[in-house]
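So the protein sequences, as listed, match chains P and G.
Heads up: the first sequence begins at 5 in this note's numbering, then just goes up one per residue.
Heads up: the second sequence begins at 66 in this note's numbering, then just goes up one per residue.
Calculated from the structure, these hints are not laboratory results.
On a predicted model such as this, the values are computed, not experimentally measured, just so you know.
We put the beta carbon where it would ideally sit given N, CA and C, even for glycine.
Each hint should be verified, as a subset may be incorrect.
[Stated by the list, open to error] Facing chain G, from chain P, some residues (calculated, C-beta under 10 Å):
#, residue
1, R34
2, P38
3, G54
4, L199
5, I223
6, Q228
7, L232
8, L268
9, K269
[Stated by the list, open to error] Calculated pairs, SDA-like style, for lysine to any residue (alpha carbon to alpha carbon, straight line, at most 20 Å):
#, chain 1, residue 1, chain 2, residue 2
10, P, K35, G, E75
11, P, K147, G, E78
12, P, K279, G, R159
13, P, K26, G, R133
14, P, K147, G, R159
15, P, K189, P, R161
16, P, K35, G, A146
17, P, K42, G, L155
18, P, K42, G, E78
19, P, K26, G, G139
20, P, K35, G, S153
21, P, K35, G, L152
22, P, K189, G, R133
23, P, K27, G, G139
24, P, K42, G, R126
25, P, K147, G, E75
26, P, K42, G, E79
27, P, K35, G, N141
Listed below, chain by chain, are the residues.
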Amino acid sequence: MEFKDYYKVMGVARDATEAQIKKAYRRLARKYHPDVSKEPDAEARFKEVGEAYEVLRSPEKRAAYDRLGSGPRPGEDFRPPPDFGSGFEFSGAGPSGPGSQGADYSDFFESLFGRARAGGRYGAEPGFDTGAGTGRGEDHHAKVMLDLDAALNGGTRSLTLRMPEIDAQGRLSMRERVLNVQIPKGILPGQTIRLAGQGSRPHEAAGQQGSAPAGDLYIEVEFQPHPLYRIDGRDLYLELPVAPWEAALGATVKTPTPGGTVELKIPAGSHAGSKLRLKGRGMPSSPPGDFYVVLQISLPPTSEEKAKAAYRALAEAIPFNPRASLGV
Amino acid sequence: MPDERYLTGEIFEEVSALSVDDLTRIVAVEQKRVFEWVEEGVINVLEVEAAEWRFSGDQLRRARIALRLERDLGVNAAGVALVLELLSELEQLRRERRIGRS
């Protein structure tokens, strides 16, 4: 098991005060919060920081952690000492504070402080029982990354979701569940698929099992980058390379679209960055989005003498200073 | 007939107008929190004059972001409203830059 240096994760000294630790946490949380951060590994870093804070903010956990020293030498395996945590009383019912998303902690954390026992359901307030009063099962929330083609064509995808689950003894564990889902055609990034009845069943203790409906599952959708298209709301963008003469003289060229290859008319006098709109050929939502082709001028290779001669002829024929607007 | 090996869902934002109770239940917060969010402009009501408040489905996402930011960063509702506004402005700028560059 890998030893985690929580002080290093937080970027604070081992003798940092509570206030310094809190300040460091807030700074890192602002930087890596998945809702605001564009850092590529934001989600993983945010979890790591949340876990470090969970330990260092609690005087008992921090003291117990400090007794481990600075960990094994690099490459050495870490095993928690058998007497770990003895003499310390950990307050609270397990992690439920900031950053405890779905109580998804590292093996290192769990080997020291056990698995989470309550709280920490992603997005919910600790202790807030949504099923109370109605007898209805709890709703679940998840977020998935889909390929754009799933939304363009409305195919089926098998989604793996990790769900915290509380067993009869009140222990919390992560359960993996695979769902085969028909992706609604035209779903947009940030939208949610609702699967009725795929949340929790009502609590047994409520004595209403069988009659009360199960909760729903809400899946928030985001898309992986597509090799050709870029999505913006319901519109799709494609960068289409054209030859200089195609842009200058106009041409009809083949272009890929989600609905298949089409013949696209490039008007004469087009330039790099010119946008052509194909109405209604964007995301197949209701209403459908538009498809934009953004022209890119691609220069032909000039390795051959014939090509060089053609360029020289062009230079002679057209006196042209592309830097005129710069005043030089 | 739908294939039974696959679960078929609906796009929540397109089919639903949410009541205060729906939002309270789905996001798992107290009602007063929802009122506070409306007050500060974190989430928007479809028709302010209506006898009963309804929310479009896309407000669910804003509410869930608000909940996470309040919990993880210690911002209040007014701060969340500002963050959401700046985020959409940033998104807009990134988009324009990408399109302008190509």
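Does K269 of chain P meet its interface restraint, that is, does its C-beta lie within less than 10 Å of any C-beta in chain G? The hint is violated - K269 of chain P has no Cβ within 10 Å of chain G, the shortest such distance being about 20 Å.
For K147 of chain P and E75 of chain G, compute the direct alpha-carbon distance and say whether it is at most 20 Å. Measuring from Cα to Cα gives roughly 15 Å; hence the hint holds.
Would the pair K42 of chain P and L155 of chain G pass a check requiring their Cα atoms to be no farther apart than 20 Å? holds (11 Å)
Can you confirm whether the C-alpha distance between K189 of chain P and R133 of chain G stays at or below 20 Å? Judged against 20 Å, a Cα distance of about 29 Å means the pair is violated.
Is the hinted pair K27 of chain P and G139 of chain G satisfied, with a Cα-Cα distance of at most 20 Å? Within the cut-off at roughly 11 Å; holds.
Using Cβ atoms only, decide whether L232 of chain P comes closer than 10 Å to chain G, and label the hint accordingly. violated (13 Å)
Checking hints one by one. Is L199 of chain P an interface residue toward chain G, by the C-beta closer than 10 Å rule? holds (4 Å)
Minimum Cβ distance from L268 of chain P to chain G below 10 Å? Result: violated, 16 Å to nearest chain G Cβ.
Would the pair K42 of chain P and E79 of chain G pass a check requiring their Cα atoms to be no farther apart than 20 Å? violated (28 Å)
Tell me if the interface restraint on I223 of chain P is satisfied: Cβ within less than 10 Å of some Cβ in chain G. Constraint on I223 of chain P satisfied, holds at 7 Å.
Can the restraint linking K26 of chain P and G139 of chain G be considered satisfied, given a maximum Cα separation of 20 Å? holds (11 Å)
Straight-line Cα separation of K35 of chain P and E75 of chain G no greater than 20 Å? violated (34 Å)
Comparing the model with each numbered hint stated earlier shows that hints 6, 7, 8, 9, 10, 14, 18, 22, 26 do not hold.
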